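Colleague: Work out the full structure, taking the sequences as your base and the hints as a guide.
Residue numbering for the sequence shown is 9 to 657, as defined by the working numbering.
Derived by calculation from the structure, the hints in this document are not laboratory data.
Hints may contain errors.
Claimed, not checked - Derived lysine-lysine pairs resembling DSBU-like cross-links, with alpha carbons at most 35 Å apart: (1) K213 - K99; (2) K583 - K213; (3) K583 - K202; (4) K594 - K244; (5) K213 - K250.
These numbers were taken from a predicted model, which means no experiment stands behind them.
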Amino acid sequence: MERRATILDFLYTRHFVRVYVFREMPPSIADILLLGFLMKKSFISIALISACSPVSICAEEILEEVFVTSSRTAMPLRQVGTSVTVIDAEKIALRGAPQLAEILRAEPGISVSNSGGPGKNTSLSIRGEEGYRTLLLIDGVDVSDPSAPQVSPRIEHMTAGGEIERVEILRGPQGFAYGADAGGVINIITRTGKQEEAGGLFLEKGSYGTTELSGYAALGNDESDMFISVSDFDTKGFNATKNDLTDEEDGYANTTIHSRFGWRLTENTRLQLVARDTETNSEYDNCGSPTQDCTSDFEQTVAKVSVDYQVEQYWLSSGYSYSEVDRVIQTDGNETYATGGSIEKAEVLGGVSLAKNWDVILGGDYETETVTPNGSPERDRNQLGIFSELQTEAAEDFFVTAGARFDDNDDFGQHVSFRLSSAYIFDVSAQSQLKLRASYGTGFRAPSLSEISYNESEGLNSNLSEEQSAGYDLGVDFTHSSGTEISLGYFNQEITDAIEYDFTLGGNSGWGGYGQSEGESTSEGFEMTITYPILQQLAASLNYTYNDALDADGNQRMRKPRHMANMEINWSLEKLTLSANYRVTKDREDRGGVELEDYSVLNLSARYQVNEALSLVARGENILDESYQEVPGYNTLEASVYLGVRYQF
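Modeller: Here it is in structure tokens:
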């Protein structure tokens, strides 16, 4: 078993562990037919054979990275048995969108519903699960908004700035090490200072009076490093709602400051500090004012201090993180709603190599969640979590993990979650490999403090119980030394006693409250991703997701598409790089089973490298000017163009 990268390895190196395999020839007909034969009894064999065809000149190499999020420790991606995706900084830059949600929605299994443009309420769904069932981390810090009705990340305020090194996505109820729920985990890993001074400035202007200005500075040596970035995004926006007779622009502004500092205290010890602050202002509609003078101010402050230690076969990481949110809503200049909350967490994580091919991960965390509902007393709740995982190479190229987590929640008692995963790798030919993977995991979600407080304020029954989730997925990943990659997977997961907003419950205001579904809500489907280097400078990728997401009554879940597809083409010339993304969304329903129209969107981006330091960028969003709605009654972006300049040294 090859040596696994440790947390210290992950932090100390500028780039991630990479294994290079050099191309001898493109995938042959024999490769493809053999792969199809091996999988002919699988539901995915037809799709695989039809998707592949040999072409001439391919990429010179493929690289294999390490993945951290699955088990909270860095391990080679080839050994990971769960369903995962990595988005690196280059891919983020090529797509060009300033909002993280727009970057994520091009990935398999992820759908996004936006209510009226940048900064407006946005829901991100993984495999048909709501956003409050997905954990979003920034450098390991939970950035969920505890004051939200159902604790969830405010994905609409997350920018895709130059501070992001990569984004790791773990799908399904497999995040036992975090206490994560059915949706999965999205982990944003930011940049560190390098072994030299570096910096950059970026300016972009475009449609809807949009301006983005950002910059960063980085430096480092063997003893310490520093990275600081500042971004300011401002747009006049467009009229958010279709039924707004004033037809006024609903603007948005976002200022984000991010910093990351590291110090090597000893040869084996590293101290790290991460701090981030986001302030936004958003204009919106439907606040009850005839002038539609409605604004929402949001601020989130995040900080984490951690110490990592490694000696021989042992490593240990401990840290303390804090995330605080404040939200204020104003109507006609008067404050009408204010709420806030915080999440504090102390955690420790360690690992030891007991013997050859046997590693054990141990960890624990203690979290305090606090929320101050509008006009109500502060509420808080504690939860203790302890977990462990065994990682082994049970046989040659057969990797297995088995882990369990114990949680003790102040209000909802004790729960045990677990996960099993496996990955088996074998050669299909001298130039290609196949990985078979499988995983099964469970999780739970306790009713949020805001859900309980809201029901109490409405005079409704607040005796909610926790949700239980379980799911498994099976997959196969084919890689060729030319750069061809094919991944196909089947998933099946369920939630018992799902907590959802129910308008029929009545309450003091008559608007309903949070209720519990009897029975099981299910999500079943398959995901396919194909990456193919057509020429040395031209590569295409395709992903498709079929997702049959049903509630406990057997109805399709609201605004969750059954069919999603993304086609992406990247073309690199000597100084010019072009990228195109075509997104298709089909078969959605709104509340009451109302069918929503299918839609497709084409986005383009281009980058021209004037010299080593200076580049010009351009992007077009929805350039075919598709008229569509993601949320009924809310407008979406029309055809728009943005031009920018980037300077780096």
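Colleague: State for each hint whether it applies.
Modeller: Going through the hints against the structure:
{"no.": "1", "hint": "K213 - K99", "result": "holds, 21 Å"}
{"no.": "2", "hint": "K583 - K213", "result": "holds, 22 Å"}
{"no.": "3", "hint": "K583 - K202", "result": "holds, 25 Å"}
{"no.": "4", "hint": "K594 - K244", "result": "holds, 30 Å"}
{"no.": "5", "hint": "K213 - K250", "result": "holds, 26 Å"}
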